[in-house]
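*Asks:* Each chain, letter by letter, is given below.
There are 4 protein chains.
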Amino acid sequence: MSIRIVATGGTFDKHYDAVKGILGFDKTHLPQVLSQARVTVPITVQELMLLDSLDMQDADRARIREACSQAQEERIVIIHGTDTMRETAEVLGTAGLSKTIVLTGAMIPYEVADSDALFNFGCAIGVVQHLAQGVYIVMNGQVFSWENVVKDRAAGRFTQR
Amino acid sequence: MSIRIVATGGTFDKHYDAVKGILGFDKTHLPQVLSQARVTVPITVQELMLLDSLDMQDADRARIREACSQAQEERIVIIHGTDTMRETAEVLGTAGLSKTIVLTGAMIPYEVADSDALFNFGCAIGVVQHLAQGVYIVMNGQVFSWENVVKDRAAGRFTQR
Amino acid sequence: MSIRIVATGGTFDKHYDAVKGILGFDKTHLPQVLSQARVTVPITVQELMLLDSLDMQDADRARIREACSQAQEERIVIIHGTDTMRETAEVLGTAGLSKTIVLTGAMIPYEVADSDALFNFGCAIGVVQHLAQGVYIVMNGQVFSWENVVKDRAAGRFTQR
Amino acid sequence: MSIRIVATGGTFDKHYDAVKGILGFDKTHLPQVLSQARVTVPITVQELMLLDSLDMQDADRARIREACSQAQEERIVIIHGTDTMRETAEVLGTAGLSKTIVLTGAMIPYEVADSDALFNFGCAIGVVQHLAQGVYIVMNGQVFSWENVVKDRAAGRFTQR
Numbered sequence: 002m003s004i005r006i007v008a009t010g011g012t013f014d015k016h017y018d019a020v021k022g023i024l025g026f027d028k029t030h031l032p033q034v035l036s037q038a039r040v041t042v043p044i045t046v047q048e049l050m051l052l053d054s055l056d057m058q059d060a061d062r063a064r065i066r067e068a069c070s071q072a073q074e075e076r077i078v079i080i081h082g083t084d085t086m087r088e089t090a091e092v093l094g095t096a097g098l099s100k101t102i103v104l105t106g107a108m109i110p111y112e113v114a115d116s117d118a119l120f121n122f123g124c125a126i127g128v129v130q131h132l133a134q135g136v137y138i139v140m141n142g143q144v145f146s147w148e149n150v151v152k153d154r155a156a157g158r159f160t161q162r
Numbered sequence: 002m003s004i005r006i007v008a009t010g011g012t013f014d015k016h017y018d019a020v021k022g023i024l025g026f027d028k029t030h031l032p033q034v035l036s037q038a039r040v041t042v043p044i045t046v047q048e049l050m051l052l053d054s055l056d057m058q059d060a061d062r063a064r065i066r067e068a069c070s071q072a073q074e075e076r077i078v079i080i081h082g083t084d085t086m087r088e089t090a091e092v093l094g095t096a097g098l099s100k101t102i103v104l105t106g107a108m109i110p111y112e113v114a115d116s117d118a119l120f121n122f123g124c125a126i127g128v129v130q131h132l133a134q135g136v137y138i139v140m141n142g143q144v145f146s147w148e149n150v151v152k153d154r155a156a157g158r159f160t161q162r
Numbered sequence: 002m003s004i005r006i007v008a009t010g011g012t013f014d015k016h017y018d019a020v021k022g023i024l025g026f027d028k029t030h031l032p033q034v035l036s037q038a039r040v041t042v043p044i045t046v047q048e049l050m051l052l053d054s055l056d057m058q059d060a061d062r063a064r065i066r067e068a069c070s071q072a073q074e075e076r077i078v079i080i081h082g083t084d085t086m087r088e089t090a091e092v093l094g095t096a097g098l099s100k101t102i103v104l105t106g107a108m109i110p111y112e113v114a115d116s117d118a119l120f121n122f123g124c125a126i127g128v129v130q131h132l133a134q135g136v137y138i139v140m141n142g143q144v145f146s147w148e149n150v151v152k153d154r155a156a157g158r159f160t161q162r
Numbered sequence: 002m003s004i005r006i007v008a009t010g011g012t013f014d015k016h017y018d019a020v021k022g023i024l025g026f027d028k029t030h031l032p033q034v035l036s037q038a039r040v041t042v043p044i045t046v047q048e049l050m051l052l053d054s055l056d057m058q059d060a061d062r063a064r065i066r067e068a069c070s071q072a073q074e075e076r077i078v079i080i081h082g083t084d085t086m087r088e089t090a091e092v093l094g095t096a097g098l099s100k101t102i103v104l105t106g107a108m109i110p111y112e113v114a115d116s117d118a119l120f121n122f123g124c125a126i127g128v129v130q131h132l133a134q135g136v137y138i139v140m141n142g143q144v145f146s147w148e149n150v151v152k153d154r155a156a157g158r159f160t161q162r
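Protein chains in written order, with the numbering used here: chain A, 2 to 162; chain B, 2 to 162; chain C, 2 to 162; chain D, 2 to 162.
Keep in mind that the hints were calculated from the coordinates and are not lab data.
A hint or two may mislead.
Identical chains blur together in the list; that is why a pair holds if it fits in one copy or across any two.
[Stated by the list, open to error] In silico SDA-like links for lysine to any residue, alpha-carbon gap of 20 Å or less: (1) 21 <-> 52; (2) 21 <-> 43; (3) 21 <-> 160; (4) 21 <-> 133; (5) 21 <-> 154; (6) 100 <-> 56; (7) 152 <-> 75; (8) 21 <-> 46; (9) 152 <-> 37; (10) 100 <-> 131; (11) 152 <-> 56; (12) 28 <-> 133; (13) 152 <-> 19; (14) 21 <-> 152; (15) 28 <-> 16; (16) 21 <-> 53; (17) 28 <-> 131; (18) 28 <-> 54; (19) 100 <-> 3; (20) 28 <-> 97; (21) 152 <-> 36.
Given the structure is predicted, the values throughout are model-derived calculations rather than measurements.
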C-alpha cells in the first residue's frame, strides 16, 4: 500500500522568514517530517500549492480535486489550512472519487514550539490506511466525516456538527 | 469512545537528568504530549511503570496484562520500549482480551530533537479507534499484527516477519 | 553584581496564538529563558511593554529611558525589537546615564525553530557584566557602540556603520 | 578580531543514537550552532576530540594545551564537559599562554529540550572578545577565573570557591 501526500499550505507548513519578520511559506516541511517520523510506508509527496487556506479560491480547490483524481494512489493525505479545510473536504466529498482521502493540518506551525503538526500527521497517516473510501478530516485525534464536521474557531478545534 | 493510555516507560518517556548527566525516567511526558496534540477524545492516562524495556520482566508484563484486562475502556494504547515491545505484545495477544490494544513507543525520546514520539503517538491514537479487537504494534507509520512483526535492530525499525 | 532585564517586546518575545493564527505577544518568555539558561547571577525581570519595535513611539522610548534611570541596578539588558533598536539605543546613549546598558533581541522568535534568541541573550548577559558604562547593541555575537551601528535589513544583521 | 572554537566533547555535543539507544558522540554541533546564532565574527571551528570529560586523560589535556598554543587566534573558546572542566582550565592556566581562553559547555545537550548550550555559548562568545589574557570558565551566566571555581555537582552549577 502506498500513500500520496498533497501539500497545499496552511499553518502546518508556515515558515518564519527572519529577514522579512513574517510567517509565510518557503517550501513544504514534509520531507523533514517524513524523516523525523521514520515512516517506512511507500510515500510520494506532491507540493501542489502553498496557500493560507483563507486565500484559497474555487480554482485552487479544483486543482486539489484534479490532483486527487489523477493520483495513482488510492490513499491520499492532504495537508491543508484549518480555516477552510471543511470547504475543500466538501468539494472532494461531492466529487465521488473512489479513494480514501484524509485532510489534516495544524493549529501551530510545525516549526513553532508545542506544534500539533506531527501528531496530526501521524494520526492521518495511520487512519488513511484503514478507512473505507470517502473523504475525512483528521484533527484533535479524531476522524470526522466531511459531511459532519465544523471548525469551532473560538475554541480552535474541530467538532461534529 | 474513550481511550486508556498505559505508560510503561521506554525511549518515548526518557528524561535527561542534568545533575546526573544521564537519560533516565522522571515521570511520563503524556500530559504534555496530550496538551500539545490538542486531543479532544476522552482519554485516561495511567502511569503503570517507567522501565527500559530491556529491564522488563515477566511480572511486569503480567501487570500490563492485568491493567488492560481491568480497564473499563475497550481501546488501549500502551507506551512501551521498542526492544521488547514484541514480547509484551505476545503476552497480550495470547491473553485473549476482548479489546483493541495498540503498543507504540519511540526510537528517539520525546524531549530530544528529531523525535518520532509525537508522530507514533498520533498514529496509535488514530488507528486504535478504528481497528478490530486484537493486539497491534504501531511504528514507522504502519500497523503490525502482534504475531507478525519483528524489530530490525540494526536498521532501527519494525518490519513484517 | 545584579542585573536588571527590561522586556519591551520585539521578535524575541513573539508568541504564536493558535486560535487567532498570528504571531503576537502574550507575556515575556524571560522567566522560562532564565530557567533554561541556569543563570545564577541575581536578576530582576521587568516587563515594561510588549511592542513590535516598528510600533514604538517617542513616549515608549521615554518610558524605557525612565526605567533605566530609576533602576537600582547599574547593569541593564533590554530585550527589544531589532528594527528600531538603534533608535532606542540613541535615546539612551544621549541621556547620559551612568550605567552599562545592553540592547539585544532576536531575528527569529524564542519559540520558533532555529531561534537566535538564547544565544543573543547569553551574549548580552555575559558582556553587560564586563563593559564600561555606556549603551551598546549586542547582536550577531558582536558588541556595537550605539553611535556606530546600523541594521542591514536586507541581510538581516547588524554592522558597524 | 577572530575567534577559534575548539570542540573537545562533553554534554554540549552529545548526540542521541536512535539505533543504539544511547547518548554518545557523532560530530560536533558547532556548525549548526553558529548558523543558528547568526554570528558574523570570523570564527574557525576545530574538532579536536569528542570525549566525555570524565574520560579525559592527561594526554588529552596536553593536546588541548597544544591546540591553544599553536592557534593563530588570540581568543579561544573551548567546548568541554563540565565534570573536569576545572582540571583542563588549570592545565591551561598554568601553561602561561598569552591568550584569552574561555571554557564552556552545557548541563543539558544542545539537542535535548531545555538545553543551556546555546546560552552558554553566547555568553562565552561575548566575553572572550572583552576579557584580558587569562583562562576562564563561563557557565551559569558568570565568568569565573580558573583558579577560583568549583563545580557543585549536587546542585549542578559552578560557584566561586
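*Asks:* Now tell me, hint by hint, if it's right for this structure.
*Replies:* Here's how the hints hold up against the structure:
1. Taking identical chains as interchangeable, the C-alpha atoms of residue 21 and residue 52 lie at most 20 Å apart whether they share a chain (18 Å) or sit on different chains (17 Å).
2. In this assembly of identical chains, the alpha carbons of residue 21 and residue 43 never lie at most 20 Å apart, being 37 Å within a copy and 25 Å across copies at closest.
3. For a Cα distance limit of 20 Å, the shortest separation of residue 21 from residue 160 across copies, 18 Å, qualifies, whereas the shortest one inside one copy, 36 Å, does not.
4. Taking the closest pair of Cα atoms, residue 21 and residue 133 never come within 20 Å of each other, the shortest separation being 44 Å inside a single copy and 34 Å across copies.
5. Taking the shortest alpha-carbon separations for residue 21 and residue 154, only the inter-copy value of 8 Å comes in at or below 20 Å, while the best intra-copy value is 28 Å.
6. When the C-alpha separation of residue 100 and residue 56 is checked against a cutoff of 20 Å, the pair qualifies neither within a copy, at 26 Å, nor between copies, at 45 Å.
7. Taking the shortest Cα distances, residue 152 and residue 75 never come within 20 Å of each other, neither inside one copy (27 Å) nor across copies (28 Å).
8. Taking the closest pair of Cα atoms, residue 21 and residue 46 never come within 20 Å of each other, the shortest separation being 28 Å inside a single copy and 29 Å across copies.
9. Taking identical chains as interchangeable, the C-alpha atoms of residue 152 and residue 37 lie at most 20 Å apart only when they sit on different chains, with a minimum of 18 Å there against 28 Å within one chain.
10. Taking identical chains as interchangeable, the C-alpha atoms of residue 100 and residue 131 lie at most 20 Å apart whether they share a chain (12 Å) or sit on different chains (18 Å).
11. Taking the closest pair of Cα atoms, residue 152 and residue 56 come within 20 Å of each other only inside a single copy of the chain (17 Å); across copies the shortest separation is 33 Å, beyond that limit.
12. Within a single copy, residue 28 and residue 133 get their C-alpha atoms no closer than 31 Å, and across copies no closer than 38 Å, so neither meets the 20 Å cut-off.
13. Taking the shortest Cα distances, residue 152 and residue 19 sit within 20 Å of each other only across copies (13 Å), while inside one copy they are farther apart (31 Å).
14. For a Cα distance limit of 20 Å, the shortest separation of residue 21 from residue 152 across copies, 13 Å, qualifies, whereas the shortest one inside one copy, 31 Å, does not.
15. Within a single copy, residue 28 and residue 16 get their C-alpha atoms as close as 8 Å, which meets the 20 Å cut-off; across copies the closest is 22 Å, which misses it.
16. When the C-alpha separation of residue 21 and residue 53 is checked against a cutoff of 20 Å, the pair qualifies both within a copy, at 17 Å, and between copies, at 13 Å.
17. For the identical chains of this complex, residue 28 and residue 131 are neighbours neither inside a copy (29 Å) nor across copies (33 Å), given an alpha-carbon limit of 20 Å.
18. For a Cα distance limit of 20 Å, the shortest separation of residue 28 from residue 54 inside one copy, 16 Å, qualifies, whereas the shortest one across copies, 28 Å, does not.
19. Proximity of residue 100 and residue 3 under a CA criterion of 20 Å is satisfied intra-copy only: 12 Å inside one chain copy versus 28 Å between copies.
20. Taking the shortest alpha-carbon separations for residue 28 and residue 97, neither the intra-copy value of 30 Å nor the inter-copy value of 48 Å comes in at or below 20 Å.
21. Only between protomers do residue 152 and residue 36 lie at most 20 Å apart by alpha-carbon distance; the minimum there is 18 Å, versus 30 Å within a single protomer.
When each numbered hint is compared with the structure, violations occur for hints 2, 4, 6, 7, 8, 12, 17 and 20.
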